[in-house]
Structures are given as C-alpha cells and as structure tokens.
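Participant: Below, each chain spelled out in residue letters.
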Amino acid sequence: MAFRPTTFRLKNKVVLNIILAAIVLELISGAQFYYFQNMLADELEMRAETELTMKAMVVKSSLNLSENSLMGHLWEMERNIAQPDSMFGIMEGVLRSHPNLVGCWIAFVPDYYPDKGRLFEPYSYWDHGTIRRQIIGPEHDYSQSGVYKKVVSEDVSLWVAPYYDHFSGLNLVSYAVPIHDKKKDVVAVFGLDISTKWLGDTLNYRHIYESSIDLLLTKEGKQVAGPSPQRVKQNDVDNIISIINDSAVAKKMSKHGKCKIATFTDPDDHEKGYVYYTSFKGKPDWQIAVVCYDNEVFGPLRKMHWTVLLTTLAGLIILGFIVSYFIRNDTKLKMTKKEKERIDHELHIANNIQMQMLPKQMPAERDDIDIYGFLLPAREVGGDLYDYFVRDEKLFFCIGDVSGKGVPAAILMAVIHTWVRATATHQSNPAQIMRAINEAACEGNESNMFVTLFIGILDLPTGRLCYCNAGHDAPVVLRVESLELRVERPAAALEVKANLPIGIFSDFSYEMQETTIDSGSMIFLYTDGLTEAMNKGRKQFGINRVMTLLNRTTETSPKQLLDAMSHEVKVFANGTEQSDDLTMLAIRYTPKQFESTLSETLVLKNDIHEVSRFSSFIKSVMEELSVDKSLGRELRLAIEEAVVNVINYAYPAGTEGDITIKITSDGNTLHCQIIDAGIPFDPTTKDRTDTTLSVQERPVGGLGILLVRELMDSINYERIDGQNVLTLIKRIKS
Amino acid sequence: MNTKIEEFDDKYLVTLEGEMDTAAANEAEEVLKELYKNEGKEVIFECKDLEYIASSGLRILINILKVTMAKGNRVLLRNVNDDIKNIFKLTGFINIFEFE
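Note that the protein sequences, when read in sequence, are chains A and B.
Position 517 of the first sequence, counted from 1, bears residue number 507 in my numbering, the numbering being contiguous throughout.
Position 30 of the second sequence, counted from 1, bears residue number 96 in my numbering, the numbering being contiguous throughout.
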C-alpha cells in the first residue's frame, strides 16, 4: 500500500521529536534539581549552624546556672570555712536549688581540719529524691587527681572532662572552683557533678531532622554527651566522633564560617551523612556537633525529581501514542482522499468516453438536415443518451434515459447505444429495432434496470418519419414556417404510443408509427431531466414551460434553440443542484428541391431477358448526360444489379409485374429510382457481404447489392403507397 | 456478347468479348457449362475485349474457378481492363483470381 512509507517516516519523525523533547525536559529538570539541591544544601548548612549555636547556648546556659550557683555559695563557703560540719548544709543548699545536679563536694587540702584526718571531702548527693551525705576520706586519695592538683596549684576554676564515677555509677562532668581562706590561700576545691545523661537530654530535646544526632565533645574529642542508646547505636556515634577527630578526613568550612563540615558514609548501611561541628566560645571549651543524614535531607527532593521525570516521560510516551494514532487516522484520511481523487479521475475519463460516444455534429456536406444535441449529466457520468446517423439517405435518431444515474446507468446506456447502432445497420423498421434491443436487454437484465427509448427514422428524400416509442416523453414537432407567420401554437407533441420501456417484458410487441415531417420543421426531443429540473422552491420546470418556450421561440437553428432552452433551465434552477441528467436533441429538416434537367423513364417486365432493353436504355441515358466512360459503366452496373434484384425477388414466383426505372439529373447528381409493386422488399437491410472470405467460403449470392452500395454514393429504400421505391444516388460532376 | 472456348492439350482458352450483362451472362453460361467437365486442364480467360461484366457473370467465373481449383488446376484471367478490375476489387475477387 502506497501510504505505508509515509506513515513510517512520519512515525519516525514523531518518535524522534518526542525523544528530543524528553531529553530537553530531562535536562531542564536535571538543572532544576541541581539548583534546588544546592539551595537545599545551603539551607541545611544554615540550619545546622543555627542549631549548633542554639544548642550551644542551651547547654552553656545550663552549665552557667550550675556554675553561678556554685559561685553564689562560694563566699558562704569561705565564711564558714572554720566550721567543717556546716559544709553539708551549704552543699545541700546548692543541690536543692538544682535538682539536676548529681552531687556536690568539697575536697579540702590535706590536714586542713586536724581532727578530721588527713583527707577530708564532704560529699552531698541526690539519691532518688533524697539528699545524702558522705565523707570521702582516707580510702580515696583525691589529692592525687589531676583536677585537684590543677585547681590547687594554679588556683583556677575548671570544667572536668567526662569520667565514669564508680560511686554514682554515672558518667559525669564536674565543675571545680578553688576555695580560699582569709589569707587567700587555696584551702579546698569546691565542685559539682553533672551527669552527662542530663546534658545529653538537654541536647536532644529536639532535632532539626528526625534522624539528626547532636553531640557534645571535649576539646580533645572525647564524648561528653550524645543521643540515647535507644535512639542511636553507640557504634554509629563512635564512628562519627572518629570522623571528627581524624585530621586526615577532609573538612570544609561552612559558608558563613560558623562551623566545620565533614561528609561521611556509614560503614554498615552505607548511608551518607554530614557532620556540622564547632567549638564553644569560652568555658568549657567543648565542641558541639550535629549530624544530618543525606537521605532525610535530600530524599524528598530527589523523590520529587524522579517523580517529575518519570511522569513527564510517561506523559510524553502517551502523547506519542496519541499523535501516532492521529497520524494513522490522518494518513487514512489522506488515503481516502487519494482514493477519491483516483475515482474522480476515472470518472472523468469515463465521462470523456461517454461524450466521445455522442455523435459529432452533422458534417457540413449534408444540407437537408441541421441537427444539434445537448447532454448534461447530473453526476460525472450519466444514464441519458442520444444518437443520430445517416444510413442510406435515412436519418436514424434516438433519445433515451436509463432508470438511475451515475456509473451503472452509464454502463447500461453505452450497451443500448451499441445495440441501436448495430441493429440499425440491417434494420430500417424502428419497431423491429426496438424489439431486438428489448429482447437483448431483458435477457441480461439482472439489476432490473429499464430504459425509456425513442427511435425515429426520417427518410430524407421524402420526409417520411417512422418511429417507435418505449416509454419515453413524446417529441415535439415545431412547424418552423409558422414561426415566421406567427401562427398560434406551432409546437405540437408528436402522437406517440407510450408502450413500455425497454427491459421489462421481453416479448412486448412494439409497433411502428408513421408521420410526415414537412420541409422546414423542427423535431425537438428531450429527457425528463428537462421537465423535472427543479428550482429552490422544489418546483419542476414542467412540460408546459417547455411548450410555451417552444411556441414562443424565434430560433430556427437547432443549436440556438437548445442554447436558449438550456439557458432558461439554468435561470429557472437558479443554482439548485441538478438531480437528473438533462438531454435534448433538435433536428431541422430542410430538404432541397431536386431540379432535374433530365428525366428518362423505362418500364420493364420482371423478366431477366428484359435486361437487354435496360442496357440500351442506360447507354443512351449515359450518352445524354455526357458522363465519362468509366463512370458510365459504374452507373450501368449498379443500376443493372439493382434492377436484376428487383426482377428476381420483387414479385412472387410466377407472377408478372412491372418495374419502372426513372433516371433524373440536375447536372450534378444523378438519381435513379426503381419502382415496383411487388412484396415489400428492402435491399438496403440485407447483410453486407464479407469480401475477405476465400473462394470456398464465399456464398454465391449477395454480390449484386454489394456492388450497388459500393458504386453508388447512397441508396435509399422507401415503401410508398404499396410500392417499393429504391433510389440510387450518385454525384456525376466533381 | 461473344463467348468462345478453345480446347488445347494443356488448357482451355476462353475468349470473352463484348458486354456481359445479366441477360448475356445467362446465355454465356450455357456455353461455359463445358468447363465444368474440365479434367486437369488450366483455364485461361482472354478478356481483352470484354468491356462490361455484371454480377451474374462474376458468379459464373467463381463457379468455374471453384470447380477447376477442386481438380487442382489454375484459372487465369488475361488482359482484364481497369474498370472491370475495379469491380473485382470492390467484390474482393481481386484476391481470388489470378490475373495476367
């Protein structure tokens, strides 16, 4: 099929374009994603920084509270230094105002209180809602601890790194300050313990991301506080801390310079994470870190990106299918259009064939008739027909209408047309022609189409019209001389028997009718496309209008008459679509008088021996006409053959009869009439001889009429008043 | 019209003179009947003086031709004038007969 390659190519184009569009969209989407991701990363950084700052503040303020509380009781401590037992009271005061402290202690320098022993450290602590006292004495030498030593020797307050305290069973951080006596010497270290768990809780009261981890570390990178073990595995925490501490791991500075950033991958589940960390300003010089996991931060964005990508792709694919579908439809439409064009083209050719089947206008040589035909099919091809031709000085004409329109009607009409022509070559009786056609039409007529047909045969020498009608509209005869005389109603419908159309009953007996057409008259034939032409108001043109127009017309030429009539129809229809084929045929009969200057007659008996008399007669006539020898011989032979034919066949065997030979001439043309009163015998309708047959095949008879036809210009037979009248015509002057 | 038949050892020479119209052809047929009995001789028609021939004459010639050819012999037409030749053309007999 011709349209496949186009579809294929077009489909390719479409697919290519969709892929291109997809690529462009993906690129744009990708760029967008990258941009958003960067924005998100920046946002994350800012949030992390803020978080760190805030959490640091929270932790520090908690620590400061404790610090301040301690400092607040310091003067009291120093005032009551002489009374060691009052120490507990003071410490309890501290504890009571800070229930979140683990404990409070004062480590005196050795031997400060002589009666308390060498080592004396009162210790108050919370125990399930109650404050208890303890004296840490000789079994635990606190004077060896680094903290004690530092505080005492350097006289500084400091925060102590987290350590495990056996006594409380907790991880603690402590804050220690020196206590001075009146002489400003360090006499004791006053300290409080804070549980790292409490610090952790403070840290973890909220998270910037659900999976975020907050950490507190010492300057050295030791964990001070972190997430609860239920929430985060210690393993992961240790891993993160090692990342922070490992100087080999690349760390970058945040945009605003507020913290450091490290990227890591969890070794177990390969989750990517980011650590943001910074150091406290001031004491304690701890580090605070917040960890965010890549999945949680960028996950939604990524998901959205993929969603957009995939839905866009899906959308494009669906679009592709829809477009494909429409292309297919469109090409189907194109194909249908191509088909239609092909059909239109073929119909156009068929129309040409039909038009060519119509006879060309009458050759100019004929001066006794003027004839003009008009056929306008309703569709490209039509079911109307007209035809005319002259055979043996008779004008055969017909007009017909097949039931239906378009191609089927056109085909049947072409067949009828051929039949008319074929039958008319050997048949001069229109009824016989009609019967032959009707039989043939009924035989093959499965589609039950019928044809209205009118056949007329006008004998040109005499004006005698033989006709036969088969259901067609009666022709109108227009007495043209009346036009000039302005006689009322010069137009009259020919009197026709309606009969049945062709193709209905195969044995219908059509009968011939006759009339005489006066010299100068016009015969007007038409199909119902004329009378049934409709205007916008659905009114028909009608026979009355036709008759009126014919009665009124001043046209004497068939062409002008038909032009006028078709103009009238056009005006009447006023643009309404033509519903039926419109056909018209007009014939004007203008026989020329034959003014003979010579007339010779011979009467013979129907006896072959009479031929000698004829021979003498014809020779003398030829001489009289001064015809040249060859031509003379031709004429003699033709006429002799015709005469012999009549002698042999005109009268029934055994009967006697006269044969009249009348030769007339106007100097240019010779007419020879052979008249007998025998049985009706038309030599012009005998089958023509086949001169190509071999000796053996040739029948013996038939030569005579062949020679007559060949030698004469035309022959004409008419039965007039019970007589056979055979007229032979030949031009004798060139 | 004159019709003369001369018989030789190997052929018949038929001389046709004048105008063979239908009536004359009938008479000539009687004379030419002899040629139907032809056994093995070719037939030559001398037509130099034949001025006119009608279809019956042609018919006679055809019959003689058929009979003679059936016996395997030639028929020859000699010196046929143009007018008559034309007739032969019109009737298609030009292809059937041999001319000299």
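Take these hints with a grain of salt, some might be off.
Said to hold, decoys possible - Just a sample of chain B residues kept apart from chain A, beta carbon distances all over 10 angstroms, derived:
no., residue
1, N68
2, D87
3, Y102
4, N104
5, Y118
6, L124
As the list claims (entries may be wrong) - Lysine-lysine pairs mimicking DSS-like chemistry, simulated, CA-CA at most 25 angstroms apart:
no., chain 1, residue 1, chain 2, residue 2
7, B, K77, B, K137
8, B, K107, A, K609
9, A, K50, A, K1
10, A, K619, B, K77
11, A, K241, A, K271
12, A, K609, B, K137
13, B, K132, A, K609
14, A, K173, A, K209
15, A, K1, A, K328
16, A, K106, A, K209
17, A, K529, A, K619
18, A, K619, B, K99
19, A, K172, A, K140
20, A, K273, A, K139
21, A, K3, A, K322
22, A, K720, B, K151
23, A, K549, A, K652
24, A, K723, B, K99
25, A, K529, A, K395
26, A, K720, A, K652
27, B, K114, B, K151
28, B, K151, B, K77
29, A, K619, B, K107
30, A, K395, A, K273
31, A, K609, A, K526
32, A, K720, B, K155
33, B, K107, B, K132
34, B, K103, B, K155
35, A, K723, B, K132
36, A, K271, A, K50
Unchecked claim - Interface residues of chain B toward chain A, partial, derived using beta-carbon atoms under 7 angstroms:
no., residue
37, E73
38, A120
39, L142
40, T157
Since the hints were made in silico from the structure, they are not lab data.
Glycine is no exception: its CB is placed at the ideal position from the N, C-alpha and C atoms.
Participant: Any of the earlier hints contradicted here, and which numbers?
Facilitator: Hint check: 2, 5, 6, 8, 9, 10, 12, 13, 14, 16, 17, 18, 23, 24, 29, 30, 31, 34, 35, 37, 39 fail, others pass.
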